[in-house]
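Peer 1: Chains as they are written, first to last, in this note's numbering: chain A, 1 to 708; chain B, 1 to 319; chain C, 1 to 392.
In case anyone wonders, no lab produced these hints; they're calculated from the structure.
Treat the hints loosely; a few may be bogus.
As the list claims (entries may be wrong) - Result set (EDC-like, lysine to aspartate or glutamate): computed pairs, CA atoms no more than 16 Å apart in a straight line:
#, chain 1, residue 1, chain 2, residue 2
1, A, K551, A, E503
2, A, K362, B, E167
3, A, K463, A, D547
4, A, K192, A, E138
5, A, K551, C, E95
6, A, K334, B, D72
7, A, K362, B, E93
8, A, K520, A, D555
9, A, K272, B, E55
10, A, K272, B, E50
11, A, K630, A, D617
12, A, K550, C, D354
Said to hold, decoys possible - Some residues of chain B that are not near chain A, with every Cβ distance over 10 Å (derived):
#, residue
13, M1
14, L16
15, L29
16, F52
17, F74
18, T75
19, V201
20, G215
21, G250
22, F304
A virtual CB, placed ideally from N, CA and C, is assigned to each residue, including glycine.
Here are the chains, one letter per residue:
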Amino acid sequence: MLTRRLLIIAPAVIILILLQSYFWVPSYEQQTRGNPDRLVQYITASAGDASILNPILSADTASSQIQSQVFDSLIDRDKDLHFRGRLALSWDIYEEAFFHMNPTAAVPGLSSSDPESVAGLIRSAAQTPGRWSGAVAESLANIQAVTILPSRTFSATHAFKGPEGAQQVDAQISAPARVRLVLNRVDQDLFKNLEPLLGAEYFSSFPSDAFLSTDVDLPPEQLSVLAESMVPAVEHNPIIVFHLRPGVRFHDGHVFDAGDVKFTYEAIMNPKNLSPRVADYEPVKAVEVIDPLTVKITYKRLYSPAIGTWGMGILPEHLLNPRALREEAERLDKDPATFTLRQSRFGRNPVGCGPFRFTSWKSDQYIRLTRFGDYWEGPPNYTQYAVRIIPDPLTQEMEFYAGTIDSYQVQPHQVARLSEDARFQNFSGISFGYTYIGYNMRRAPFKDPRVRKALGMAIDVDKIIRYVLHGQGERITGPFVKQTGYYNHDISPLPYDPEGALELLESAGWRRNASGWLEKDGRRLAFTLITNSGNQLRQAILAVAQDAWKKIGVDVRTDLLEWSVFIQERVNKLDFDALILGWQMGIDPDLYQIWHSSQTGPYQLNFVGFENKEADDLIIKIRQEYDHRKQVAYCHRLHRIIAEAQPYNFLYVRKWTAVLDKRIVIREQGPDGSPVYRKITPTKTGDYAYDFNKWIKLPGVPVFAQDG
Amino acid sequence: MISFIGRSAVQKMITLFFVSIVSFLIIHLAPGKPSQVDPMNPKFTPEMVERFRSEFHLDKPLTIQYLYFYRDLFTGRTVSWKDNQSVLLKIWERFLNSLPLFIVGTILTWTLSFPVGIRSALQRGGNFDRSSTFLAYLLISIPGFFFAYVLIIFVVTQFQVPVIGMETFGIGSTSPMTRFMDRIWHLLLPSVLGATAGIAVLSRYVRSQMLEVEGQDYVRTARAKGLPPDQVHYKHALRNALLPFVTMFGLILPGLIGGSVITESIFSWPGMGRMAYEAILARDYPVILTVNFISAVLVLIGTFISDLLYLVVDPRIRL
Amino acid sequence: MSSATHSQTASPGDVIETPLGPTRSRFQQFWVLFRRNSLAVSGLAIFGLFFFTAVVGLLVTSGTQPLLDPAQVRLQEKLKPPLSRPNLDTLRPGEVPPLGVYLFGTDNLGRDVFARMLQGAWVSLTVGFVAVGISVVIGIFLGGIAGYFGQAAIRVDHMLPAFLLLFGVAAWIAGAKGSAIVLMGLGSGVVIVSIAAQKIWRKRPMPVFLNALRFPVLTADTLIMRLVDIMLCFPSFFLILTVVALLPASLYNIMIVIGLTSWMGTTRFVRAEFLSLREQDFVLAARALGIRTYRIIFRQMMPNAIAPVLVSATIGIASAILTEAGLSFLGFGVPPPHATWGNILSGGKDFIFDAPWLTFVPGIAILIVVLSFNLFGEGLRDALNPKLRERH
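Chain A extracted, bound-state conformation:
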């Protein structure tokens, strides 16, 4: 019977065809042996796909991983986390400071306070700083030039929120003359130190309101706010001048110059682009192109993290300027008015001046880059760079074993097994993020620092690190990145001491009742600890903390919430008792958004409600200080204040471990032109990919040059 035979033969044939394909597939060994191309490709994996490959628009890790290869920035950080020039050869930082003449204040030793004589006084003092003591002398010696700017009148329109909603007011301003001081270096104490010279009240008694008249009557406090912004008594304008590297080209051959830097800034600030980086560049007052290789950035106020923001990839102006965008919009038949960088095909076909040029991107599959031969630092050894998108960690692991991924971020419990495997080399370091338990300090039991501290002492964090993280973590005591100098290593972490915790709680009025629960004034110490679902470690900590607290008689309920519900409904609305969360930190020590008392409202990041006068001062000082040494001193103090208040129980920073095939090494040109191989070694800060451009995969493990 034909039908019968067909019914049996058809599936058999199909299964045979499918199965025989096995013989064509390369195994782990064959991939590098039979396919020399594989040796010059670096393949890595990411759990999520990139969103958009435009450095000013993206905010996810997958995108930034690609962008760091495609785009180059003015500066980056070297092995010791100090700034190092990339597209910028060098840079100067100085300051211009201004103050308005105060007609109401009398200057000691001067009969008339006209601009000339005040400027003269400062000028002469600056030439003989020795007559003054310590800090004042330092500030005076720092003054390089004193000039006078004449008085001026102008008008401005100001929008404000009045009782009847948004209103506008026209202001007439007739500002007095100003004195401009050019300083050699940024000096946040300048005006404080000029006070002995000009009189203690000279700056603080400046009557801003007197120079302003408005067409609508404003409430007095709004008027003075407006006046102070229009006619400030004093003003700091820090300035960074970047000297750019000559002869750098974009991947399309166009020469990089100062115009591209200015364009990148303008693209970020353009409200149509909805750049998530606006906040970083908001303090910039002006970006001026001095000449094609010099760009001057003037800031509105003291803001020391500013320099770090220039680690941002530089966009090619010639491809994205308004004219180019309009042409693209017309070509695609879209409305040019709403066509922005977000719609441009540049976001999926980026052009930068980094070591690799963009080749292709298949959504949720891979992104491929090819070596850029004209890279200013010399082309990388690898000719291909690929990121594969593999969401499942176990699948990533399988692909690593199958040899189709070159590096793999190891899960903590696998470290022991994989670090013994002879096929791999492994690296580890501590990461920039920490995990904490945060308490809502607005709510009753957590108002008392003793309670927060006691709760922290009841948890055996070392045990969490040893068992939950499998040793892949370190304790942390405060909000700064542990590898940096800002972190105060003199502070010791909370000890694990349940007995001590009970004593502390007793001193705060909490006693154990007959059934073992802690009570104060007849009320149990009961609260809910929440965290987001989908994070194994936080879930584990949730269980451990609940268990540990139950043992000292705290009645804890726990709740796991889906991420967006957790953030939008609970954290942003300040509706929680205690939560487990983590912060990913930048190297920069600016803590304003997370710790300043002005940031405690709903939707702000100081959601635990930490308020401390001295901490506020220090936070402001740190972000205004350009001197690294002083910044470090302030940071150490701030670290101590926060550690003592324990608004968070700081738990740990995680260690990461990466494994690579042993055959991946550093290849450099020896003095005689022959290749020299070195083992990959991580930097002091744990960055093993610092020399990535010199990496290469070899068919076998080579003989290494002696490390000097």
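Starting from the structure of chain A, add chains B and C where the hints point.
Peer 2: Same frame as chain A, now just chains B and C:
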């Protein structure tokens, strides 16, 4: 016939309209809002949220949002909130990736279930029937991802060959034949996984259809005439038993867009299912709604075709 | 309603034979057939065992001082293989497992997998039963209405206010309060007008414009079957995933969502059964005797329609357990502290090389239980199917 088609089309349009409303409401009334930029990013400001809200029309009343969405969908201008790409293009690209999986899976399902189902029906109660019944239920009962991991780990640790993704990554410079076979190999495991449940269900269905037909009078008559058993089974019985399966062709259609979320994320297969899943995670409403809408359209077209086929095939039904 | 003209009642003159009841009860008949299917019987046995385990599991793992504490974290005892003994030196007295051995090993937090499996058995069972319960109740209700009252027409004056009120509520939820009030006002207006119209024009013929209100639009059957069609348009796992992902994670949400998305099959079965049953003699007889409608439905028809429902419910429980496992894998399953087999399995897969038992114990347990449900359901179907029955 014409009136049936017309009536059916109108009915399906109305259904589609309600489907569009229901899916829109489900997504927009659920708690939690889409977040374009990670809200825990310290660089994130409430003003940005506001700007995104107005960009996505989220500040408008639901009815207006509904109209905006379907206007954009029908003019092909819907863009994903996540990456500003055209949703239809995205879906098309993913559809092309899911297609080979779907085709191989379907072929496996249909070619394997018939011989198995027929044989177990013919040997009802015999060893083959019992073991194939048991096996079919075993396959239905395994949690898919558990089975997938067991298979992957077995293959990778035993043979050290890659199985994840659509092809061996970095295989670039080999011969086209090798690359083709490599692709086939990568299709094997996910399509087998996708087909297991289908094979089990369909073979059971074939079996019961066969049993039913074998009990009919005309089959008994054929047998009584002394025809050889093969001819009775494969000519008389099978033909009639096949009748309902013809109509099932229409019902395959929705499978085109369904894809399996779980298989695709385990095998990092960039197909429809995974796109939909990631859209759900990112709350990329336009993508979720469009996928939903298209799959509803396919379901309706599928049932329509199957109704039509039924009309054509079964002479007993006349309108 | 058609009157019961078709029913043949015995005329008084005829000789009434003594009724011959069936020699075996329906259940006995079923059991004889069912017993022949050894796979189904073993399925039933495992089902019973699972049920027993789940109840025992509930008893020993719940309460404030459970016998086996599935939430007891012993970090120093993490990832111990099955049958290993606890290290008594590092454990406090309260932490020692009462069995003196980790029967199924421990997980990454040192929790006893055996205790978690016991607890999970009950949770998985509840997820299955409640979800299927919801879907069966909805299915029987809607299917019953469609099948029994299906031909009753829904008129314009039913539809119009219902739609207006519905849209009003929708608009209210959507935040358009103004239009919501207008819509709801209109809706109530139409109701009042049509009731008033009925009162006023009871005797006289109605004017045309009001008669239009009484125009029958569609039948209840059409309405319900269209609703089924709408629900069937959604890819079911995708729909469940969407809703579960958007809603806050909770055990109840998952049960409800699975239940609310799987009632369509039952509705169709019940409708089909009711459609054929309501034309059968015993129902017509009952109706002719003036037995009240709900009694006819629940006492006469339901027992006859229940068989396919029972089969699909049994298989439905199996698929609900699998769905829950799938959701757990994607990270949207039942949230802790509830352990389910699904989340033990998906939590264990990251440790598959270092602790394979975390994957295999729950994986195989799910496999066996789901298999037993399926085999039992299949046996049930065979035994209840009259077509297949008569040939044995």
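Peer 1: Can we confirm that no CB of chain A comes within 10 Å of the CB of L29 (chain B)?
Peer 2: holds, 14 Å
Peer 1: Regarding the pair K362 (chain A) and E167 (chain B), is the alpha-carbon distance no greater than 16 Å?
Peer 2: Holds. K362 (chain A) to E167 (chain B) sits at ~13 Å (cutoff 16 Å).
Peer 1: Within a Cα-Cα threshold of 16 Å, do K272 (chain A) and E50 (chain B) meet the stated pairing?
Peer 2: holds, 13 Å
Peer 1: Can we trust that L16 (chain B) is non-interface, i.e. its beta-carbon lies farther than 10 Å from all of chain A?
Peer 2: holds, 28 Å
Peer 1: Against chain A, does M1 (chain B) keep a CB gap of more than 10 Å to every residue?
Peer 2: holds, 31 Å
Peer 1: Measure nothing beyond the straight line between the CA atoms of K550 (chain A) and D354 (chain C); if it is 16 Å or shorter, mark the hint as holding.
Peer 2: violated, 31 Å
Peer 1: Straight-line Cα separation of K362 (chain A) and E93 (chain B) no greater than 16 Å?
Peer 2: holds, 9 Å
Peer 1: Quick one, are K463 (chain A) and D547 (chain A) close enough, alpha carbons at most 16 Å?
Peer 2: holds, 13 Å
Peer 1: Has the given pair, K551 (chain A) with E95 (chain C), been kept, meaning a C-alpha gap of at most 16 Å?
Peer 2: Between K551 (chain A) and E95 (chain C) the Cα gap is close to 12 Å, so the pair holds against 16 Å.
Peer 1: Is K520 (chain A) within 16 Å of D555 (chain A), Cα to Cα?
Peer 2: Satisfied, since the Cα-Cα distance of roughly 13 Å is no more than 16 Å.
Peer 1: Keeping to a limit of 16 Å between CA atoms, is the pair of K272 (chain A) and E55 (chain B) held or broken?
Peer 2: Roughly 10 Å between the alpha carbons, so the hint for K272 (chain A) and E55 (chain B) holds.
Peer 1: Checking the smallest CB distance to chain A, is F52 (chain B) really beyond 10 Å?
Peer 2: violated, 7 Å
In terms of the numbered hints stated before, the structure departs from hints 12, 16, listed from lowest to highest.
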